[in-house]
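Number of protein chains: 2
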Amino acid sequence: MLENKKIILAEKDIPTQWYNMQADLPTPLDPYINPRTGKPATKDELCQIFPEPIVNQELSTERWIDIPEEVRDVYKLWRPSPLIRARNLEKFLDTPAKIYFKNEGVSPSGSHKSNSAIAQAYYNMKAGTKRIATETGAGQWGSALAMACKMFGIECVVYMVKVSFQQKPYRKSLMQVYGANVFASPSVQTEAGRKVLEKDPNCNGSLGIAISEAIEDVVTHQNAKYALGSVLNHVALHQTIIGLEAKKQMEIAGEYPDIVIACLGGGSNFSGMAFPFIMDKINGTHKNLRAIAAEPSACPKLSKGVYAYDFGDLSGFTPAIKMYTLSHTFMPSGIHAGGLRYHGASPLVSAIVKAKLAESTVIKQTEAFEAAVTFARCEGILPAPESSHAIRAAINEALIAKEEGKAKTILFNLSGHGHFDLTAYDSYLSGNMQDCDFSQEEVNKALKDLPKIAE
Amino acid sequence: MLENKKIILAEKDIPTQWYNMQADLPTPLDPYINPRTGKPATKDELCQIFPEPIVNQELSTERWIDIPEEVRDVYKLWRPSPLIRARNLEKFLDTPAKIYFKNEGVSPSGSHKSNSAIAQAYYNMKAGTKRIATETGAGQWGSALAMACKMFGIECVVYMVKVSFQQKPYRKSLMQVYGANVFASPSVQTEAGRKVLEKDPNCNGSLGIAISEAIEDVVTHQNAKYALGSVLNHVALHQTIIGLEAKKQMEIAGEYPDIVIACLGGGSNFSGMAFPFIMDKINGTHKNLRAIAAEPSACPKLSKGVYAYDFGDLSGFTPAIKMYTLSHTFMPSGIHAGGLRYHGASPLVSAIVKAKLAESTVIKQTEAFEAAVTFARCEGILPAPESSHAIRAAINEALIAKEEGKAKTILFNLSGHGHFDLTAYDSYLSGNMQDCDFSQEEVNKALKDLPKIAE
Numbered sequence: 001m002l003e004n005k006k007i008i009l010a011e012k013d014i015p016t017q018w019y020n021m022q023a024d025l026p027t028p029l030d031p032y033i034n035p036r037t038g039k040p041a042t043k044d045e046l047c048q049i050f051p052e053p054i055v056n057q058e059l060s061t062e063r064w065i066d067i068p069e070e071v072r073d074v075y076k077l078w079r080p081s082p083l084i085r086a087r088n089l090e091k092f093l094d095t096p097a098k099i100y101f102k103n104e105g106v107s108p109s110g111s112h113k114s115n116s117a118i119a120q121a122y123y124n125m126k127a128g129t130k131r132i133a134t135e136t137g138a139g140q141w142g143s144a145l146a147m148a149c150k151m152f153g154i155e156c157v158v159y160m161v162k163v164s165f166q167q168k169p170y171r172k173s174l175m176q177v178y179g180a181n182v183f184a185s186p187s188v189q190t191e192a193g194r195k196v197l198e199k200d201p202n203c204n205g206s207l208g209i210a211i212s213e214a215i216e217d218v219v220t221h222q223n224a225k226y227a228l229g230s231v232l233n234h235v236a237l238h239q240t241i242i243g244l245e246a247k248k249q250m251e252i253a254g255e256y257p258d259i260v261i262a263c264l265g266g267g268s269n270f271s272g273m274a275f276p277f278i279m280d281k282i283n284g285t286h287k288n289l290r291a292i293a294a295e296p297s298a299c300p301k302l303s304k305g306v307y308a309y310d311f312g313d314l315s316g317f318t319p320a321i322k323m324y325t326l327s328h329t330f331m332p333s334g335i336h337a338g339g340l341r342y343h344g345a346s347p348l349v350s351a352i353v354k355a356k357l358a359e360s361t362v363i364k365q366t367e368a369f370e371a372a373v374t375f376a377r378c379e380g381i382l383p384a385p386e387s388s389h390a391i392r393a394a395i396n397e398a399l400i401a402k403e404e405g406k407a408k409t410i411l412f413n414l415s416g417h418g419h420f421d422l423t424a425y426d427s428y429l430s431g432n433m434q435d436c437d438f439s440q441e442e443v444n445k446a447l448k449d450l451p452k453i454a455e
Numbered sequence: 456m457l458e459n460k461k462i463i464l465a466e467k468d469i470p471t472q473w474y475n476m477q478a479d480l481p482t483p484l485d486p487y488i489n490p491r492t493g494k495p496a497t498k499d500e501l502c503q504i505f506p507e508p509i510v511n512q513e514l515s516t517e518r519w520i521d522i523p524e525e526v527r528d529v530y531k532l533w534r535p536s537p538l539i540r541a542r543n544l545e546k547f548l549d550t551p552a553k554i555y556f557k558n559e560g561v562s563p564s565g566s567h568k569s570n571s572a573i574a575q576a577y578y579n580m581k582a583g584t585k586r587i588a589t590e591t592g593a594g595q596w597g598s599a600l601a602m603a604c605k606m607f608g609i610e611c612v613v614y615m616v617k618v619s620f621q622q623k624p625y626r627k628s629l630m631q632v633y634g635a636n637v638f639a640s641p642s643v644q645t646e647a648g649r650k651v652l653e654k655d656p657n658c659n660g661s662l663g664i665a666i667s668e669a670i671e672d673v674v675t676h677q678n679a680k681y682a683l684g685s686v687l688n689h690v691a692l693h694q695t696i697i698g699l700e701a702k703k704q705m706e707i708a709g710e711y712p713d714i715v716i717a718c719l720g721g722g723s724n725f726s727g728m729a730f731p732f733i734m735d736k737i738n739g740t741h742k743n744l745r746a747i748a749a750e751p752s753a754c755p756k757l758s759k760g761v762y763a764y765d766f767g768d769l770s771g772f773t774p775a776i777k778m779y780t781l782s783h784t785f786m787p788s789g790i791h792a793g794g795l796r797y798h799g800a801s802p803l804v805s806a807i808v809k810a811k812l813a814e815s816t817v818i819k820q821t822e823a824f825e826a827a828v829t830f831a832r833c834e835g836i837l838p839a840p841e842s843s844h845a846i847r848a849a850i851n852e853a854l855i856a857k858e859e860g861k862a863k864t865i866l867f868n869l870s871g872h873g874h875f876d877l878t879a880y881d882s883y884l885s886g887n888m889q890d891c892d893f894s895q896e897e898v899n900k901a902l903k904d905l906p907k908i909a910e
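One line per chain: the protein sequences are A and B, in this order. The numbering of the first sequence is our numbering, which starts it at 1 and goes up by one. The numbering of the second sequence is our numbering, which starts it at 456 and goes up by one.
Bound-form chain A, shown alone (with noise of 0.2 Å):
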């Protein structure tokens, strides 16, 4: 009889709520502040870009939220992910540590950004949207909300910075194949992208002129709204499925980790895997539970940032949100791992870590795609650069545990597949892939632009 790699749950076994990290907080979450007025976002505010269902959960301290029938339903296109023991990566490690890891990549859209993509374009259609803007760069959550969208009979409109634009175009396809309307930014469709194109009409595009583009398709549009796909905390709260399920699959397995880890960009990913085993060590139950945030050294804002109000965006457009932050005018190296690129940590996380209830680790890209290669060899399946992150961060766990001589439980998150990142393979298989780290110093001159928040 063969040991099994897999434990799958039947579609029943899809959780019925998502677990709020909120109700838990050793102290509440600061609020988001109005640049404009210099005080704390009201509801209405916030409800100007959003649909009121979704700055229920975003504003909510309760534990539990139900999660629609609706949603439950096309969770099951894919859901429940499994959760699989990486049996040859532990031979070939040669570790008494068992490597468990949930695969996320199995979604339509080939990552976690599904799990909220859906939800928020329930609770949009539940609330008469009719249209949803948003911004990508890389891609994978405007590939997300354009499958949701489609699914729920809404517009999707992405404005995806030109140069991922052009240098991704798969991406870009996709979203179309869900129907999606899909933009280079700086694009001539808003006024805020006809005045960057004025400028400089070979304007390459940023994550902040396409939300700029975004923000402005919204108010200029009836029955539009924006969705974001990660920071925030009510897609945090989405995201969580992807723990409670491991949860219940750690269990049928007869385990509990002592090591969680997943990779950090805006922090969907590790809030989803991490916070439904945080909970568990703050009411006392698993104490002496480790969460572990994988970041990308060109972007280490756990490790090199400080805690303080920021602008989710370079032009300063989105509300000042407490959190761990590079300032929101960091220049993130180009590295491959494009949903890492972020420089601030969402507030949930960014609270946990301050409470030390999570740590962070520091990897480079290349040894991040090492132990991406690594991982393909042994499980067959071929990462994400983002996910190759938190793969690393395991496997120097695994071999810490080797040199101890402990048999560790070790879970992460595989928070998407690689099928459209083999350019960023093939650099690193030639030979011509670069580390871009950054010293403490020049994160400290960034840091000087940071806004003057009174808290």
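Note that these hints are calculated values from the structure, not bench results. Computed from a predicted model, the values in this text were never measured in an experiment. Glycine included, C-beta positions come from ideal geometry on N, C-alpha and C. Check before you lean on any hint, since a few could be wrong.
What the hints assert, rightly or not - Not close to chain A: a few residues of chain B, all C-beta gaps over 10 Å, as computed:
| id | residue |
| --- | --- |
| 1 | THR492 |
| 2 | LYS498 |
| 3 | GLN622 |
| 4 | ALA639 |
| 5 | TYR764 |
| 6 | PRO787 |
| 7 | GLU834 |
| 8 | ILE855 |
| 9 | GLY886 |
As the list claims (entries may be wrong) - Chain A is faced by these chain B residues, among others (derived, beta-carbon under 8 Å):
| id | residue |
| --- | --- |
| 10 | LYS460 |
| 11 | SER628 |
| 12 | TYR633 |
With chain A held as given, fit chain B onto it using these hints.
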């Protein structure tokens, strides 16, 4: 209580035996003919390029053949694959038909090809093979074999048709991630390649040239063998795991299909899905089952070809095979479903069609892509161009069921995902895609090149 979408089996439910269609043929297969001797190819001749256990399977008429535990163990990386009820598609079509599909796109290499690649790599390992050479066109077989060889510690050498090597760099990179040596064919690695390059340094290559290079590689290296991803009996045998799993899953759903559909290139995918059901048609338990091979209008061997001896490759290196063929000199148009561009149908599929145990339908490229986009928007999954031919055929049957008002049960195989085929989707969505059909006259012209083999 919501309805289930997926029917998931446990790892212990992975079949323990493959089904050998040769056991149940109305008349035995005609032998392969050695073109140099004009006589049936002997076992010793076949063993020059294939390991003995594979040759034994090729010639076996045993009904059930055990799947080695080591092969089942690797299968567990992704098998059992899910059977999914396409409820959203049914609603969209407003059909009384139930549409089920088996998703083979969940394999690490992204298609059903891994089912045979793993088995072939295993038997080669047992037989002492140190190096496997193969050719690949679009790259699905090459990536499946590269991954399989890595699992069993065998060196993998892939001769990839140069035009694909250049136009589809992602498939090449994937093979390299799995550790394979990939050469653009014609290459300077072989005498055959060098000869071609001498005459035409800019030659784009062809599957025929690549086969010559792979076979030369085998005979000029120690402990080297050749591997083929379709057409042959042992490949069809390994693929029957698809249909055997699907039967178990349909039974759990309380169903038996009225119609089973798969696309047809060389025949491995159709064999895999259909043979275990055709067994029931032959033994009389399900006499009315219809098995439909969906072939592209650009390469309609079952519908417009003849049943005759022909070579497997353009250059006439391979033994002559009795099969439905458009002739080895037939040049299919450059459709995006590269995996369906083969002039012949596997001898087993051909025998089954000749005996009227299966039928064929011809699908135009644009019809296939229209179905693919509809499917992606309903079910989330982006299908491979090849698989889209099966989807089109399934939709056609579901619409006939609607006209007739009959609640038929339709089952098709989704042989792979389309993550590496977004250029093709781009071409379809932008309205630039064309159909490439052949008239019977054009086919008849090629058929004049059939070899003269006494039967």
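Each hint tested on the structure:
1. Distance check for THR492(B) against chain A: the nearest CB is about 42 Å away, which clears 10 Å, and the non-interface claim stands.
2. With a least beta-carbon separation of about 32 Å from chain A, LYS498(B) lies farther than 10 Å from that chain, consistent with its non-interface assignment.
3. Every beta carbon of chain A lies more than 10 Å from that of GLN622(B), the smallest distance being close to 14 Å; the non-interface claim holds.
4. Annotated as non-interface, ALA639(B) keeps its C-beta farther than 10 Å from every C-beta of chain A; the closest such distance is 15 Å.
5. No beta-carbon of chain A is positioned within 10 Å of the beta-carbon of TYR764(B); the least distance is around 39 Å.
6. No Cβ of chain A approaches the Cβ of PRO787(B) within 10 Å, the least distance being about 25 Å, so the stated non-interface status holds.
7. For GLU834(B), the condition that its CB be more than 10 Å from all CB atoms of chain A is violated, with the nearest at approximately 6 Å.
8. Listed as a non-interface residue, ILE855(B) keeps its Cβ farther than 10 Å from every Cβ of chain A; the least gap is roughly 26 Å.
9. No Cβ of chain A comes within 10 Å of the Cβ of GLY886(B); the nearest lies about 12 Å off, and the non-interface call holds.
10. The beta carbon of LYS460(B) comes within 4 Å of a beta carbon in chain A, closer than 8 Å, and the hint placing it at the interface holds.
11. Among the interface hints, the one on SER628(B) holds; its C-beta lies about 4 Å from the nearest C-beta in chain A, closer than the 8 Å criterion.
12. Taken as an interface hint, TYR633(B) checks out: its beta carbon lies about 6 Å from the nearest beta carbon of chain A, inside 8 Å.
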